[in-house]
Amino acid sequence: MMNNHDPERQEVVSRRAFLFGGGVTLGVVTIAGRLYQLQIADHDKYLTLAQENQFNRRVLTPLRGDIVDRFGTVLASNRKNFRILLLPEQSQNVNETLDHVSAIVPVPTERRNRILREIRRRGAFTPIEIEDNLDWEAFTRINYELPHLAGVLPDVGDTRDYPLGPATSFVIGYVGAITDADLAAQESDEDRNLLRQPGFKIGRDGLERTYEKELRGKAGKMNVVINAHGRVIEEVKEGAVLSQQGKPLTLTIDAELQTHAMEVLATPGERQPDEPQSAAAVVMDVVTGDVLVLASTPAFNPNDFNVGINPTLWRELNESPYKPLLNKALTGAYPPGSTMKMLSAIAAQETGVRPSHSVYCSGRTWYGNRYFHCWKRGGHGTVDMKGSMKHSCDSYYYDIAKDLDIDVLADVAKRFGLGQTYELGVPGQKQGVVPSRDWKRSYYAGDPPNQTWFQGETLSAIIGQGAATATPLQLCVMAARVASGRAVRPRLVRAVGDLILPAPDAPAIDVNPSHLDVVRAGMNAVTNEGGTAARSRLQDPDWQMAGKTGTSQVYAITAEDRARGLTKPEDLPWARRDHALFVSFMPFENPRYACSVLVEHGIGGSRAAGPKAREIMRKVAERNPAVRQTVDPRELVRATVPNREA
Amino acid sequence: MASLILPGPHRGVRARLAKTHWPLLILLTLIALAGVITLYSVAEGNWRPWALKHAIRYGVAACLLLGMGLVPIRYWMALAYPIYFAALAALFTVPFIGEINMGARRWIEMGGLQFQPSEAMKIGLVMGLARYYHGLRAEQVSHLLYLIPPALMIAAPVGLVFIQPDLGTALLLGATGVIIVFVAGLSWRIGLFGVFGAIAAGYGAYRFDILKEYQLRRITTFLNPDLDPSGQGYHLLQSKIALGSGGLDGKGFMQGTQSQLQFLPEMHTDFIFTIFGEEFGFVGSVGLLTLYLAVILTGLSVGAQAKSHFARLTVIGVVATFALYVLINTGMVMGLAPVVGVPLPLVSYGGTVMLTIMAGFGLVMSAHIYRD
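Here the protein sequences line up with chains A and B, keeping their order. Residue numbers for the first sequence follow the numbering used here, so the first one is 1 and each next one is one higher. Residue numbers for the second sequence follow the numbering used here, so the first one is 1 and each next one is one higher.
A couple of the hints might just be wrong.
From chain B, some residues computed to sit far from chain A (all C-beta separations above 10 Å) [as the list claims (entries may be wrong)]:
1) Y81
2) A170
3) G252
Only some residues are given here: those of chain A computed to face chain B with a beta carbon under 8 Å [stated by the list, open to error]:
4) E8
5) S14
6) F20
7) G21
8) V24
9) L38
10) H43
11) K45
12) Y46
13) R364
14) P504
15) P513
16) L516
Listed next, the stretches of chain B that the computed footprint assigns to chain A, with coverage defined by at least 3 CB atoms under 8 Å from CB atoms of chain A [as the list claims (entries may be wrong)]:
17) 146-158
18) 174-184
Worth flagging that the hints you see were computed from the coordinates, not collected in a lab. We put the beta carbon where it would ideally sit given N, CA and C, even for glycine.
Build out the structure end to end from the sequences listed, making use of the hints.
Spelled out as structure tokens, the structure:
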């Protein structure tokens, strides 16, 4: 063909091909230049980036310290938390994956939406929790189905476990998820990092909160080689610092007594068979101050809280009139009622009233411009000081109150433990009110006409009514101090780690022993000599229990009420019924244990609170925990895992 | 001996085989070997699933190359238009009977074999254009009227591939076509005019949303990869990290942490150069680039010496396609070109591309053997 040997065209093509070849060479040189820049000039930078890619410092979360009772029974510990995470990047279709998961573990729409939001917020490369606290069966099924669940990562973490559940919730508290405020409150970056670990929990209430630092333990760290999906390929053992479990706490509580007391409190009384019992009880060792029982009903289950409480349950707990979230033993302050009378009797003696002083009770006492009623309509007749306690005669105290300086009564009340809080480690204690001139001045500081103390108020205060309030804990301390004559202070924590805390010192109370003897004899008469709580007597002669009933008025039945036929307290709605109280100690001769019981709106101390105290103290006598061998905290420390891998 | 085994008319075959451009074949084999080594490494030291198959495919493709080389170039010229139009027809059928793969229709099935018409078109277009210019006189080349057929010949397949959608191949086809037209002797004036036209067209495509969203994203990512390290820019950034951490002499065979830890996507296909660069460093990657450049320059010299105009343009077209592959792919993995999904010839795993490349070089070989 003619065209085949066209030198002009061949020359053009050759020239252009040469040009093209030059262009390509230039391109290759450019590429090589870029390679030089990446691999030689910026090598260090990319090497660092590669190592950052490759190594990830992983925080090894420590196990939380255990909490045990005085004998070593576990009250708070850790258990395995089986959970499933989702790595969106590995999932072909997140919705489909969640559908598959739903077939085994239900994923409600609400949760699904939250997961999808999290994915948008945190990106496709961060694992997101689908569900935690799976039971073993569901967890194994997920693992079995794993080949069909792209992007699903089964994971085993730790979660707090409270074996006794509600029985100890008010002592131990609970743990909860981290908030931004918690992060801000941490002192070091290391702590913040630890708190950021998925599923990390912090003490939210009770001892869990107070002893957060001790219980938390120390985080460890370890470098791990990860792949692009964040999956750990290799753990680098060199330079790894293992985590340390938190210190165990040894309490003064006796778990068995505690559980028993909770059951006793929750059992409906004879006068209110249908009412849930909103009640509290405290039992103390009057020698050491060890709190053996700190109970309040109804109680919440702390195990519901550390998994993230469901809103319905939370609302129920919050709205219940029986206040299951409130630790009534510490944070409930109630008028002490007649349980105040021991202190009133001491105050009377200190102002010169002799125990033999007698008063005639007609059922009412005229003072100022009105009658003050004794609880017994017909009156008690003539009663002396001991009898005033035995029968809980109000008139006797009205008579004394006419000449009693309120500040003397306040001073006695404070010596015996009212109006103050104690270092228990459980937050939220109420101080209560011990009425006095000073108290009234500061309480009504903005209202000058009300600042003067009126003697009529002393008539209320002396029988524990009016402004006076005390917590069941304070009433137990009072009973313990009356029993021992020493300024016993309660404590809940026996040891932190292997450090055994000394019992708080209990100096003798500045009180005339003979005055105390009169009061103790009066309390003995209440239970053992046919007094107001004769039915709550303990039959065992070795464990003679002395006690005192109290009924504090919540609502005064008016003439109008009477006209409507409302005479008995049972006719009132629950919330208007009187509180029932009982304080006691035993054995009478050589006191070792003190107890206080409160039944909110329980109507009467002798019938609602006394029997519960009796049942609790019967068990205390049976176990006699003060003389039993307690657990050695050093053994506990040895038993804790000293360090722990991821 | 050989004359006894291959008597008579076959003596010619033997003589032709002797004229084979062995250095070119050796260069190609070395490049394919780099592919086998890297694929072995990517599979964490396993012949499966890629390395062995790659080696076998290369062997088969090398035989194809030699076979095609023994066919006189004028036969190929006779087949040029039929091949072009067959490929075009196949491309046309893709939207109707093609297999959907990764959101695009690119494959059709023929007798149980999967077949990518766009790959065949890479050869077909080169041959078709070469054939066309073969028939033109020198003065006709820059005549606008004679520019219409090649423009249509380029535009038709580019358009069909673009709607599949396969932006990378469409660009590659278009660029190859333009290079052939340029090498054939298009006047500079028209060439410059065309360049401006292309820029205007590109802007128009951007302006009027002709590009798919993911294609646009690739381009914006290319312009600023650090903007979004965990999203679209992630792959590119990881690729740069892997390459850069390789350093002067690399981390060593099978020691590439970034690749072994799966920080890189498409390690056995589009991003294979990154693995090679991470493990063999600057020295290794420049070595591989040099091999490619050697193939390209050798090819161009074969083209310059070819007897017929068809042969010259075909050879240059094949080499141009090859060169574009290399430049776009390597540029892409180090952030000099957008991530458009172009494999590294003979190194990336993939049968169709390997076959296309080797068939192309079969034509080059034919042009060389029948150069006089």
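Do the hints match the structure? See the list:
1. Y81: Given that every Cβ of chain A is farther than 10 Å from that of B/Y81, nearest at about 16 Å, it holds.
2. A170: holds, 20 Å
3. G252: The claim stands: B/G252 keeps its Cβ more than 10 Å from every Cβ of chain A (closest is about 14 Å).
4. E8: holds, 5 Å
5. S14: For A/S14, the interface hint holds, since the closest Cβ of chain B sits about 4 Å away, which is under 8 Å.
6. F20: With a closest approach of 6 Å, the A/F20 hint holds.
7. G21: holds, 5 Å
8. V24: Holds, because the Cβ-Cβ distance from A/V24 to chain B comes to roughly 5 Å (cut-off 8 Å).
9. L38: holds, 4 Å
10. H43: holds, 5 Å
11. K45: holds, 7 Å
12. Y46: Holds, about 3 Å.
13. R364: Violated - the Cβ of A/R364 stays beyond 8 Å from chain B, reaching only about 83 Å at its closest.
14. P504: violated, 57 Å
15. P513: violated, 79 Å
16. L516: For A/L516, the interface hint is violated, since the closest Cβ of chain B sits about 76 Å away, which is over 8 Å.
17. 146-158: violated (count 0)
18. 174-184: Result for this restraint: holds, n = 4.
The structure fails to meet hints 13, 14, 15, 16, 17 from the earlier list, while all remaining hints are met.
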